[in-house]
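One-letter residues, chain by chain:
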Amino acid sequence: MEKFFQRNFAGYAFLAPWLIGFFLLAIGPILASLYLSFTKYNIVRPPQWIGLDNYTYMFTFDDRFIKALQVTFSFVVISVPAKLIFALGVAMALDKGIRAIGWYRALFYLPSILGGSIAVAILWRQLFNYDGVVNSVLRLFGGNGPYWLADPRYSLWTLIVLAVWQFGSPMLIFLAGLRAIPQELYEAAEIDAAGPVRKFFAITVPLLAPVIFFNLVLQMIEAFKSFSGAFIISGGSGAPLDSLLFFTVYLYEEAFSFLRMGYASALAWVLLLIIAAFTAIAFWTSKYWVHYENERG
Amino acid sequence: MSRLNRRTFMTRAGAAASSVAVLSALGPQAFGQDKQIRHFWWGNPERDKRTFAVIDLYNSKNPDVVVSGETLGFADYFTKLTTQIAGGNMPDVIQQGYGVLFEYIANGAVVPLDDYVGKSLDISKIDQSAIDAGTVDGKFYALSIGANSHMAMYNTRLFEEAGIAIGTDFDPYGYTYDDLARIGAQIKEATGVPGTDDNTADYQNFSDFIVQKGAKLFNPDGTYGATQEIVEEYWSIWQGIREAGATPPGPESATVAGVSDLSQLGVVTGKSAMSYLWSNQLVGAQGLMQDTLGAAMYPNTPEMIPGSIVQPSQFICLTRDSVDPEAATAYMSAFVNDLDMTAILGLERGIPSQVDVREALQPNLSPAEALSVEFFAGIQGKTAPLDPPPPSGSNEVEQTFERVAVSVLLGEKSIPEVAADFLAQAQAILARA
Numbered sequence: 002m003e004k005f006f007q008r009n010f011a012g013y014a015f016l017a018p019w020l021i022g023f024f025l026l027a028i029g030p031i032l033a034s035l036y037l038s039f040t041k042y043n044i045v046r047p048p049q050w051i052g053l054d055n056y057t058y059m060f061t062f063d064d065r066f067i068k069a070l071q072v073t074f075s076f077v078v079i080s081v082p083a084k085l086i087f088a089l090g091v092a093m094a095l096d097k098g099i100r101a102i103g104w105y106r107a108l109f110y111l112p113s114i115l116g117g118s119i120a121v122a123i124l125w126r127q128l129f130n131y132d133g134v135v136n137s138v139l140r141l142f143g144g145n146g147p148y149w150l151a152d153p154r155y156s157l158w159t160l161i162v163l164a165v166w167q168f169g170s171p172m173l174i175f176l177a178g179l180r181a182i183p184q185e186l187y188e189a190a191e192i193d194a195a196g197p198v199r200k201f202f203a204i205t206v207p208l209l210a211p212v213i214f215f216n217l218v219l220q221m222i223e224a225f226k227s228f229s230g231a232f233i234i235s236g237g238s239g240a241p242l243d244s245l246l247f248f249t250v251y252l253y254e255e256a257f258s259f260l261r262m263g264y265a266s267a268l269a270w271v272l273l274l275i276i277a278a279f280t281a282i283a284f285w286t287s288k289y290w291v292h293y294e295n296e297r298g
Numbered sequence: 002m003s004r005l006n007r008r009t010f011m012t013r014a015g016a017a018a019s020s021v022a023v024l025s026a027l028g029p030q031a032f033g034q035d036k037q038i039r040h041f042w043w044g045n046p047e048r049d050k051r052t053f054a055v056i057d058l059y060n061s062k063n064p065d066v067v068v069s070g071e072t073l074g075f076a077d078y079f080t081k082l083t084t085q086i087a088g089g090n091m092p093d094v095i096q097q098g099y100g101v102l103f104e105y106i107a108n109g110a111v112v113p114l115d116d117y118v119g120k121s122l123d124i125s126k127i128d129q130s131a132i133d134a135g136t137v138d139g140k141f142y143a144l145s146i147g148a149n150s151h152m153a154m155y156n157t158r159l160f161e162e163a164g165i166a167i168g169t170d171f172d173p174y175g176y177t178y179d180d181l182a183r184i185g186a187q188i189k190e191a192t193g194v195p196g197t198d199d200n201t202a203d204y205q206n207f208s209d210f211i212v213q214k215g216a217k218l219f220n221p222d223g224t225y226g227a228t229q230e231i232v233e234e235y236w237s238i239w240q241g242i243r244e245a246g247a248t249p250p251g252p253e254s255a256t257v258a259g260v261s262d263l264s265q266l267g268v269v270t271g272k273s274a275m276s277y278l279w280s281n282q283l284v285g286a287q288g289l290m291q292d293t294l295g296a297a298m299y300p301n302t303p304e305m306i307p308g309s310i311v312q313p314s315q316f317i318c319l320t321r322d323s324v325d326p327e328a329a330t331a332y333m334s335a336f337v338n339d340l341d342m343t344a345i346l347g348l349e350r351g352i353p354s355q356v357d358v359r360e361a362l363q364p365n366l367s368p369a370e371a372l373s374v375e376f377f378a379g380i381q382g383k384t385a386p387l388d389p390p391p392p393s394g395s396n397e398v399e400q401t402f403e404r405v406a407v408s409v410l411l412g413e414k415s416i417p418e419v420a421a422d423f424l425a426q427a428q429a430i431l432a433r434a
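Keeping their order, the protein sequence lines are chains P and A.
To convert, note that position 84 of the first sequence is 85 in our numbering; the numbers rise steadily by one, no gaps.
To convert, note that position 117 of the second sequence is 118 in our numbering; the numbers rise steadily by one, no gaps.
Hints in this document: simulated from the structure, not taken from any laboratory.
On a predicted model such as this, the values are computed, not experimentally measured, just so you know.
Careful: at least some of the hints might be erroneous.
[Stated by the list, open to error] Computed footprint of chain A on chain P, listed as stretches where at least three residues anywhere in the stretch have a Cβ under 8 Å from a Cβ of chain A:
| no. | segment |
| --- | --- |
| 1 | 38-50 |
| 2 | 79-90 |
| 3 | 184-191 |
| 4 | 251-265 |
Even for Gly, the Cβ is constructed at its ideal location relative to N, Cα and C.
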């Protein structure tokens with residue numbers, strides 16, 4: 002034992018900042034929130050153990066919890082595939098050997114860097130305002146845009162567009178994946194007279210599957226956790242009519258507007274379990290459609 | 002060195018120990034001779050400017066004290082305060098509003114001031130009504146920094162352009178919802194700007210309306226006071242005003258439902274000629290506008306039962322995390338009594354509750370401040386008595402109202418349906434709280 006430490010001391014010393022941060026700032030609070038989820042806690046008074054009450058209330062009485070799930074699932078189910086398809090499309094276009102590709106890559110990646118920022122969410126609100134840029138452009142073409150943000154039929158779509166616009170990081174990963182596909186395969190396919198569609202589905206998709214899978218899991222988790230856009234655009238309340246009541250926004254509101262820290266902790270754990278379940282499902286299905294080159298099949 | 006015997010050892014150890022004790026007693030004075038006081042408030046640009054100027058003045062008058070100011074918009078203020086409570090690092094002096102204050106007192110975050118009254122804290126010139134408003138169970142907790150009431154602010158230029166004479170066509174202290182529909186449409190006709198904001202999702206107006214209908218906001222047993230009829234009537238009245246063309250379109254109003262930011266109000270953005278606020282926001286709103294604002298009460302029904310109340314707009318309070326309550330209460334005392342400091346604050350937080358301060362301010366009022374004073378004279382005898390503090394959960398009822406009322410604005414569901422939904426939710430919230 003002693004020897005082990007002597008030999009590895011330097012390694013642990015260098016790891017220490019991360020280890021301390023992980024245990025103090027991540028694991029500690031996570032476990033604390035698990036405990037709090039079984040309590041009634043308003044910060045000012047000490048937590049009070051109430052067993053499963055938070056969870057039973059959530060699943061039996063809480064209409065807004067159901068609404069938050071609906072909104073979040075709609076967002077994930079639409080925005081993730083749309084973003085991946087868009088990112089793949091752009092990556093394939095860039096893979097064609099355009100001049101100054103570095104510039105384009107940087108340019109397309111820019112929204113992803115800005116993505117989570119409050120400034121972009123505020124900008125988005127301005128764009129989609131009734132008197133905003135989007136409607137002004139529509140008016141040029143004689144159309145009359147709706148109240149994008151005030152009308153619950155459209156409000157979620159503005160956030161989906163915002164999410165798709167931030168396609169930069171999956172695009173870069175796709176681009177790297179495309180570069181790794183051997184050109185001979187395409188050349189061979191061309192000799193066999195395969196068209197572009199055939200080449201895409203017979204070569205690109207199967208060989209890119211591990212990358213697609215990686216992006217899918219990452220983006221899905223990201224989408225479930227999405228917060229700042231909905232928070233800013235809905236003014237922190239999920240308005241209009243709870244159409245932007247993302248799970249995280251609801252959680253935040255319960256915690257910081259209504260001081261139900263115990264209930265909010267329970268919500269956080271439910272979200273964690275949902276994300277874990279979906280990730281597990283993705284991994285389970287992956288063995289049917291994702292094949293790795295070094296696998297024997 | 003002589004041999005250390007038991008006796009000298011004890012003496013030396015004793016001396017060493019006592020010198021440590023002396024050092025530690027001197028410590029705070031010796032090493033950080035300035036007393037640190039943190040003052041936290043919610044504000045707007047105008048209020049922040051004035052409050053920081055007051056802090057600078059206090060610091061220059063009291064070289065041994067360093068007051069530092071912290072400010073946020075109303076929407077984020079309580080979030081930050083909550084996390085500070087959790088962290089045990091609340092500022093010494095915080096701003097509170099009537100309503101939430103009582104939850105903080107019940108939770109022990111705000112502590113009584115009785116021990117400091119007559120010593121570091123002078124309340125001899127404060128109105129008795131203001132002291133009563135800050136007293137709970139016989140203990141004095143909160144120092145009122147201004148009286149407040151609901152105020153409708155209108156753009157005088159637009160009213161003039163539409164040929165509406167104040168006093169004859171429009172009585173700021175006695176107009177009805179019907180008058181408002183007529184005048185609002187007339188302004189829209191003449192100027193193109195809708196005459197009034199749409200208050201369908203405005204909880205302040207709604208809470209006035211409940212009282213105007215002879216009901217109470219909260220029943221003595223803690224249940225919600227509004228009935229299905231009252232909610233339906235309120236939304237129908239505003240639907241009538243909207244259909245008369247006096248307000249912006251429903252979806253437009255839905256975008257600002259529940260927004261508390263002054264810069265987004267209809268009267269400030271120019272999207273309407275009249276917005277509904279608190280009287281102490283007049284100075285701040287006027288600061289954001291070119292046109293001159295006029296002041297009126299909220300609309301009433303033909304029966305003219307008073308619905309608005311006069312209440313302390315804000316308090317300053319001492320928190321349980323204060324390290325030096327003596328110094329903090331001395332600062333609080335100056336904040337409400339010092340004539341140089343209150344001259345800078347003016348009426349921005351409401352009408353001061355200190356009699357000398359009011360008199361000193363009188364000759365130097367800005368036009369907006371003079372208007373506030375005139376407004377308070379005008380509403381005398383036209384306001385309702387102050388209710389006991391609202392039960393916990395009232396804040397959530399308010400947000401629920403703002404949320405569900407949007408479906409009335411958008412015409413998504415019928416008014417009776419939404420009203421029933423709102424009342425069911427309100428009762429559930431109050432039962433759960």
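### Message
Flag every earlier hint the structure violates by its number, smallest first.
### Response
2 and 3
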